[in-house]
Amino acid sequence: MNMLHLLKIDLKKMTSYRTFWVIGGLYFLTLGLGAASGMEFLKWLARTFEDFGTKLNINRIPLYHFPDVWMNLIWCAGLLKIVLAVLIVISVTNEYTYRTLRQNVIDGLSRAEFLFSKILTNVMLSAISVIMIFVIGLVTGTIYSPSLEWDKMITDTEFFPAYFLELFCFLSFALMLGILIQRAGLTIIILLLFPAIESIITAKVDNFTPALIPYFPMRSIWYLIPWPFPRYAFQEIQDYIKWGSVAIVVAWTVIFNYVAYLKLKRADI
Amino acid sequence: MEAVLSIKNLTKHFGRIKAVNNLSLEVKAGQVFGMLGPNGSGKTTTLGMLMGVVNPTAGEFSWFGEPPTHEIRKKIGAVLEHPIFYPYLSGQKNLELNAMIKQCPVENIPKVLELVELSERKDDKYKTYSLGMKQRLAIASALLNDPTVLILDEPTNGLDPMGIAEIRELIKKIAANGKTIILASHLLDEVQKVCTHFAVLKRGNLVHIGPVGDVGKGEETVEVSADVENLNELLLAFAGTSSIDRENGSYHVVMREGFHSKDLNKFLFDKGVVASHLFTKKKTLEKQFIEILASS
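Protein chains in written order, with the numbering used here: chain A, 1 to 269; chain B, 270 to 565.
For reference, chain A alone in the conformation it holds in the complex (with noise of 0.2 Å):
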């Protein structure tokens, strides 16, 4: 089957399931919303800071001037992929409540053309993201730009596959322990939970060889794109991608998507 088949059916599955808008418009909503409230952010640190009688001057602050506004945009959604992973995860876990993901086996699709469709929606779901906040990008930093010039507007561009990546990986991870646990419930608490205990081991770990901490999954996905705030306090912030950063979420994504592939062939469904 052609992959847009694959993924037609499984969208075929979601477009009519009401908790798959809900969950989906919340979480576009809230990218939007939040995106494009950057400056009222400002505002309220502004009248915070005259409050205690120090003035601020907001337009010394590019949030939104070309090229900022792509890594503060990118850096402030990558926050939410939480909200699409327990997307997934319902929709994967349905399959087994519902014990549809047998029926449709025994209906001639393969395991991996089901998982493959899944993997589909994952990267469609990733992509709408990426122009989502593309769009509101070039809208408010053409609206905050002092002048418009093609070099910074070009610069910085290069968080956007890496925002891709960081979405598709973690939106992986969610399927993946989807199709493990099979649990809707089970598996968001194990979700949630994963990065704190992560980081719990891994502030051991530091103890001992902290060369390993960058190849932990979460650590890998959620420090893909570093945080860019700092440079408003004068502070020296990583403004580039790391290869090696990317090789470590990429291999993670692989292993994700082949786990869930090993787990879905051998079991009985």
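It cannot be assumed that every hint is accurate.
[Claimed, not checked] Quick list of simulated restraints, FRET-style, between CB atoms: (1) B:Phe-283 x A:Thr-30: 41 to 49 Å; (2) B:Lys-552 x A:Leu-186: 37 to 45 Å; (3) A:Ile-82 x B:Thr-326: 35 to 43 Å; (4) A:Ser-199 x B:Lys-344: 29 to 37 Å; (5) B:Ser-293 x A:Ile-82: 18 to 26 Å.
[Claimed, not checked] Now the stretches of chain A that chain B is said to cover, found in silico as 3 or more residues with beta-carbon under 8 Å: (6) 9-18; (7) 162-173.
Hint data in this document are derived by calculation from the structure and do not stem from the laboratory. Quick reminder that beta carbons are idealized off the backbone N, C-alpha and C, glycines included.
Chain A is fixed; fit chain B onto it per the hints.
What follows is chain B alone, placed relative to chain A:
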């Protein structure tokens, strides 16, 4: 005849439990093949392996002489255990999804909905359906790709007598179109009424396989009554009599091999006696099934 399904030494172990043990059998084109066995005898596990959802521990099987692939499954309509659909989708949308998976035209949907008499409820959500409607939708879905083989696992499970009769009629209608049907059931009456062949499983082992028509063969029992005093003596004098029982005012004569009710009738007529009641009782599948299970 061409073998639609051929199973060789198929085995499935769940831990220490041997759910299916070295099963070998063949189903040929046009047969309505009944799989019998008590609960837990391995029927559903076997069908699960045939449909790719249970991985066999050992052994192999082939559909239409080819090793099984998911492409072949698209040409087999199957309902295993309970009907399974997306509860939040309507019957129509569930079938549209199945048509996408089976890669068959959506134009087939009205036809199968008509056949199972669900056309009027097609736009209602699946979760609002009664059990009988769910079973019928499952059969509709199995028929969607106009399959040459149909697998039905307990299709009348949990249905009321009306529902059972409806499904039975449906199976007969489908079988009349020349489709090969594999039917797992523990309703023996049902199997005897619709099947041409049957196999019996017991704790994962195949203990019997043969045509349903053979069940009635062998010794016959004839119920006789007549308005004469000495019927008992007359019947004892008949060369074909093996033994006689008297029950509810009539005599049950167990016949010797090769003798039939018409021979008895002729014998009585020659003696000047006209039977007022003459009824041949063939052995039922139920009786044979219990004998097979007891002797294995």
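Right, here's what the structure says about each hint:
no. : hint                              : result
1   : B:Phe-283 x A:Thr-30: 41 to 49 Å  : 46 Å, holds
2   : B:Lys-552 x A:Leu-186: 37 to 45 Å : 54 Å, violated
3   : A:Ile-82 x B:Thr-326: 35 to 43 Å  : 41 Å, holds
4   : A:Ser-199 x B:Lys-344: 29 to 37 Å : 52 Å, violated
5   : B:Ser-293 x A:Ile-82: 18 to 26 Å  : 52 Å, violated
6   : 9-18                              : holds (count 6)
7   : 162-173                           : violated (count 0)
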